[in-house]
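All chains should be modelled from the sequences, with the hints used to inform the complete structure.
Each residue of the sequence shown is one higher than the last, beginning at 1 in the UniProt record's numbering.
Source of the hints: derived by calculation from the structure; they are not laboratory data. One or more of the hints may lead you astray.
The calculated lysine-lysine pairs, modelled on DSS-like cross-linking and capped at a C-alpha distance of 27 angstroms, are [unchecked claim]:
no. : residue 1 : residue 2
1   : K314      : K242
2   : K164      : K128
3   : K61       : K82
4   : K77       : K61
5   : K82       : K100
6   : K185      : K133
7   : K290      : K133
8   : K289      : K207
9   : K61       : K133
10  : K207      : K128
11  : K185      : K164
12  : K314      : K272
13  : K272      : K290
14  : K289      : K242
15  : K289      : K314
16  : K312      : K272
17  : K82       : K185
18  : K133      : K289
19  : K242      : K171
20  : K133      : K207
21  : K242      : K312
22  : K272      : K185
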Amino acid sequence: MTLVTVLMPVYNVAPWLPETISSILNQTFTDFDFLIINDGSTDNSGEIINSFNDPRIRYIKNSRNLGYIECLNFGLKSIISKYIVRMDADDISMPDRLAKQVAYMEAHPEVVVCGGSRINLFEESTRKPQFIKAVTDTNRLFIQSIFNTSIHHPSAIIRTSVVKENQLEYKERFYYAEDKEFWLKLSQFGVLANVSDPVLYYRIHSKQVTFLFLETQRANSTTITQEFFNRNGICIPGRSLKALRKICYEESCTSLSELREVEELIFFILEKALATGLAYSNELEIELKKRMVTIVSRSSRVGFEMFAFVYKSKLISLMQMGPSTYLKIGARYFYKGNNPLPKGIRI
Numbered sequence: 001m002t003l004v005t006v007l008m009p010v011y012n013v014a015p016w017l018p019e020t021i022s023s024i025l026n027q028t029f030t031d032f033d034f035l036i037i038n039d040g041s042t043d044n045s046g047e048i049i050n051s052f053n054d055p056r057i058r059y060i061k062n063s064r065n066l067g068y069i070e071c072l073n074f075g076l077k078s079i080i081s082k083y084i085v086r087m088d089a090d091d092i093s094m095p096d097r098l099a100k101q102v103a104y105m106e107a108h109p110e111v112v113v114c115g116g117s118r119i120n121l122f123e124e125s126t127r128k129p130q131f132i133k134a135v136t137d138t139n140r141l142f143i144q145s146i147f148n149t150s151i152h153h154p155s156a157i158i159r160t161s162v163v164k165e166n167q168l169e170y171k172e173r174f175y176y177a178e179d180k181e182f183w184l185k186l187s188q189f190g191v192l193a194n195v196s197d198p199v200l201y202y203r204i205h206s207k208q209v210t211f212l213f214l215e216t217q218r219a220n221s222t223t224i225t226q227e228f229f230n231r232n233g234i235c236i237p238g239r240s241l242k243a244l245r246k247i248c249y250e251e252s253c254t255s256l257s258e259l260r261e262v263e264e265l266i267f268f269i270l271e272k273a274l275a276t277g278l279a280y281s282n283e284l285e286i287e288l289k290k291r292m293v294t295i296v297s298r299s300s301r302v303g304f305e306m307f308a309f310v311y312k313s314k315l316i317s318l319m320q321m322g323p324s325t326y327l328k329i330g331a332r333y334f335y336k337g338n339n340p341l342p343k344g345i346r347i
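Given below as structure tokens:
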């Protein structure tokens, strides 16, 4: 039995697949096998997979498209290696990715899942690659994962025993946000972590879930956050889901009433967290205040009323608002109505 199994579903990703497979097979760490599940691809993905003559590859071909989550859950049930490493079929793992993540997991038996930093590759633009540093403080990582996952799914290594012992699986009803719910379940049995080094190149292109199913992803993600709080004695009513989504994704508000709803929900969460003894309540307060600052900074459409709101707020202060916020509000005031904005000005 190998120490690691890399789990990778494949569906119509032929243009990127050769480089992805090679990035796993060329790892400096060698004690692994590679479970590739071709989920009914209609392009030549199958031919590409078969072109790699490597005994570490275990290839399964579905006769029809069963879906991403079905493939992931098959992997969780069938893999017996000590660690499961997730990989997406359009990304590129760093050569020392497995070596670094396995070493981290071996040194930290309390950790149930570990991701890492990444480098974004913009496939359809001239933007330069962008380094995205992962959150490595474990308390902060847990709190951030309540709102939007801070462990990048294809960067994850998972402790298999925790999955098996607790019969964990990805949930179909949380499609496109299934990883967030899975990490929060894992957090009940250990620590969430990230390594600081980049572990993969992450391709950004128009065929990704983030572009194609953004609304479904964010709606499901917000429900996951609501259910997490509900399980921990902080019952968030359905009428507050819009405000909760704004907190999760730091989305702008277009009216004073929306800002008030967000602030009221934050106060409610903090009050209940303190009363129920929720773990890391201090970190939760810091995170929610930070998110409120971002939401207000993005809400210039509210106009000058926002200054009075911030002035009276017990969460944030006017000093925390960046200069760009004041400039945007001023621009909206002076160029309101049908008057066009000067060229190059975006508010």
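Check: Does the structure break any of the earlier hints, and which numbers would those be?
Finding: Per hint list: 2, 8 and 9 violated.
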